[in-house]
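Protein chains in written order, with this note's numbering: chain B, 392 to 703; chain F, 79 to 456.
It should be emphasised that the hints constitute simulated quantities derived from the structure, not laboratory data. In this text, all values refer to a predicted model and were calculated from it rather than measured experimentally. There may be inaccurate statements among the hints.
To give an idea of the interface, some chain F residues facing chain B are shown, with a C-beta separation under 10 angstroms as derived from the structure [claimed, not checked]:
id : residue
1  : R193
2  : A197
3  : Y210
4  : L387
5  : Y392
Glycine included, every Cβ here is placed at the ideal spot set by N, Cα and C.
Letter by letter, the chains look like this.
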Amino acid sequence: MSLFLQRTFDSLANGSAYAALAVAISMVFRSTGVLNLAQGQLAMFSTYIALVFATGPSPYLKFSSNTDVLGAAWPIWAAILGAIVISMVIGAFTERVIIRPISADPVAAIGATLGLYLLLGAFVRKQWGGRTMFLGSPFPQTVDDRWDIGGARLWHDTVGITLTMIGVLGLLAVLQRRTKVGLAFRAVTSNRTASLMVGIRVSRVLMLGWALAAGIGALAGGLIAGEINVRPDMMGRLLIFGLAAATLGGLKSPVLAFVGGYLFAFLETMLGGYVSFIDSQVTLVWALLVLIIVLFVRPSGLLPRSEAWQQR
Amino acid sequence: MTTRNPSTSTPLRIVWVVISLAFVVLSVRVAFGATPKIVTDFSNSIALSLAFGGLVLLTHYLGLLSLGQGALVGVGAYAALHAVNDFGVPVVWMPLAGLLAGTLVGAIVAIPSLRLPKAYLALLTLSLAVAYPIILKQVDGNLPVLLHGEFVAPSWTGIAENDEHIWELFLVTIYASAALFLVQGLLRGPIGRAFIASRDEPEAARAFGVPVYRLRLYGVALSGGMAGLAGGLLMIPTGFNDFTHYPEELSIKMFALAMAFGGSRLISSVPAALILIFLPVWLIDRNWVVEYGWVGLFKSEGFIYAALLLATAYLTRGKGFMHLSERRKRRNIEKSVTANRGASLVADQLMALENRLNQIEGFVGEPPDISSRQEPTD
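Working from the sequences, and respecting the hints, build out all of it.
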């Protein structure tokens with residue numbers, strides 16, 4: 392029982408990252424109908440920005456070899472917040488400059504997000520190389536920073552990451568339900584033409600949606616970097632789980648995508664832990680298999696069938 | 079739908095025959111004149127052109143997105159290699175095992191995802207692209223698996239025993255040409271038109287009795303089969319399989335090139351395959367690579383592919399650069415048809431006017447025939 396509990400606790404940190412990426416993907420898909428394949432790379436890029444802020448003047452992390460534009464090292468929280476702000480600007484810029492002119496054509500839009508995927512990967516490799524770097528966690532991470540519950544260890548770091556993600560996504564839900572901006576966002580996702588007719592600035596709302604999605608991705612990257620370290624390919628695996636989790640929500644429901652994120656992380660940990668022939672690498676394959684089976688049995692994911700068929 | 083212009087079809091065919099002959103001449107010249115390394119690269123390009131053909135079929139005929147074509151090539155390579163090593167299939171027939179495996183995996187991915195919006199196919203195929211190297215590593219291990227078979231040229235070819243790369247090139251070319259020819263023939267017929275109808279107007283196509291879901295399923299399976307065949311053919315010059323051959327970057331690069339070079343003809347997949355194989359060779363020859371990636375903003379392979387994808391998305395709305403020339407050609411045909419229609423209309427009206435004038439002239443110029451009105455008298 393304690394082993395089961397331990398594995399459940401272990402799945403929480405990864406689940407937070409998957410859930411955050413899944414929510415970001417769902418938000419963008421819901422509002423613009425574009426599957427943003429660059430979501431993971433945007434998160435990876437923002438993690439490098441956080442790393443630059445957190446490291447300060449360092450010979451291998453400078454933006455420019457001539458000037459030191461960043462000054463002293465920032466605390467990790469401040470570095471992650473700085474990266475979130477920059478990511479939100481990049482997200483808004485991406486929507487305005489890259490996606491909006493071609494948003495009418497889904498093939499072109501997916502192609503453009505894939506172009507962005509390659510561009511960010513190539514830029515990071517060129518700027519910072521392919522080696523693994525360490526950002527650290529904004530939460531206490533020593534051996535003693537834990538609670539012992541039922542024979543299992545629950546790390547403060549894990550609780551911090553999980554509560555932060557739940558808090559941020561709760562704030563997002565409040566933003567959507569209780570504010571005028573949220574109302575406008577819901578109107579645009581529901582019916583864009585009608586929103587235009589009642590005077591909502593649709594383009595601005597969409598830009599905000601992309602910015603928020605990029606910000607959530609940046610937060611996920613910054614928080615999970617303490618667990619998985621920083622590498623150009625750090626988000627590949629997370630993106631796949633994020634996409635799978637978003638699929639459980641029919642790509643349109645951030646709440647179900649959020650649940651899906653934790654569900655996949657739980658499944659991943661349990662399969663890797665209890666099935667002898669599945670190691671940590673192969674869990675990705677089993678998650679893919681589960682995804683295919685779910686799509687076979689219930690194509691709408693966890694969404695009600697009627698809503699899913701409306702998407703076709 | 080494309081309009082066939084009878085007046086231009088014969089010269090066009092002649093041009094295509096000339097291009098094909100030039101390609102055959104080039105192949106023979108490369109086979110006998112180039113170094114074994116270049117011949118092998120050329121064989122790989124020709125094999126991969128089939129996989130690109132499958133992608134062109136998906137993106138440009140069906141309007142679907144596959145981001146896992148590289149993984150399907152890997153599936154074909156795995157099946158072909160193990161068909162020889164484990165089941166004793168003759169090496170000449172092993173690409174057919176790849177064809178079968180690719181078709182099967184393509185169908186398995188397509189069945190659930192095609193029931194949902196198009197983004198799901200992109201999502202599942204991308205997942206396949208990420209998962210495949212992991213699966214292959216798990217199944218085949220870390221070390222490359224060698225093919226237990228050799229390609230010895232028959233004596234009647236006159237190819238020396240140590241020049242097996244030439245015979246391999248010919249085998250790959252024969253397989254790939256036959257497959258491309260068959261699929262292009264299929265696409266020129268009613269199936270190709272149904273593909274395009276299901277892409278452009280799925281609702282209307284359904285109303286006319288086209289089974290859109292089933293058609294898309296066949297399309298994805300066919301595309302997977304072509305990728306699998308390409309994987310089987312890759313085993314001919316390569317002779318071994320390794321999980322590092324099929325990273326997800328391969329699938330993404332293939333998608334970028336298929337988007338950029340695709341068009342209504344499968345032959346447009348050949349330049350894409352040549353670029354995929356020879357671009358890194360060209361970059362490495364110029365020392366434009368370092369340990370941790372590529373040097374320079376425009377010399378990097380990643381930047382080149384990103385620029386290609388973004389340019390294709392912006393300039394052609396994802397339809398590919400071949401589409402621009404095809405659209406211009408179509409517009410010219412439409413213009414000439416419209417102009418002819420206008421001219422014939424004017425001519426008809428002129429004829430009618432002339433008849434009317436003749437009538438009036440006859441009425442005015444000729445004196446009335448009074449005698450005809452007089453009663454005949456005895």
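Here is what the structure says about each hint:
The restraint placing R193 of chain F at the interface with chain B holds, with a minimum CB-CB distance near 5 angstroms, inside the 10 angstroms limit. With 10 angstroms as the threshold, the beta carbon of A197 of chain F comes within range of chain B, its nearest partner Cβ sitting at about 4 angstroms, so the hint holds. Look at Y210 of chain F: its Cβ gets to within about 9 angstroms of chain B, closer than 10 angstroms, so that hint holds up. At a threshold of 10 angstroms, the smallest CB-CB gap from L387 of chain F to chain B is about 3 angstroms, leaving the interface hint in force.
Restraint check, Y392 of chain F versus chain B: the minimum CB separation of about 6 angstroms is within 10 angstroms; hint holds.
In this structure, every one of the numbered hints holds.
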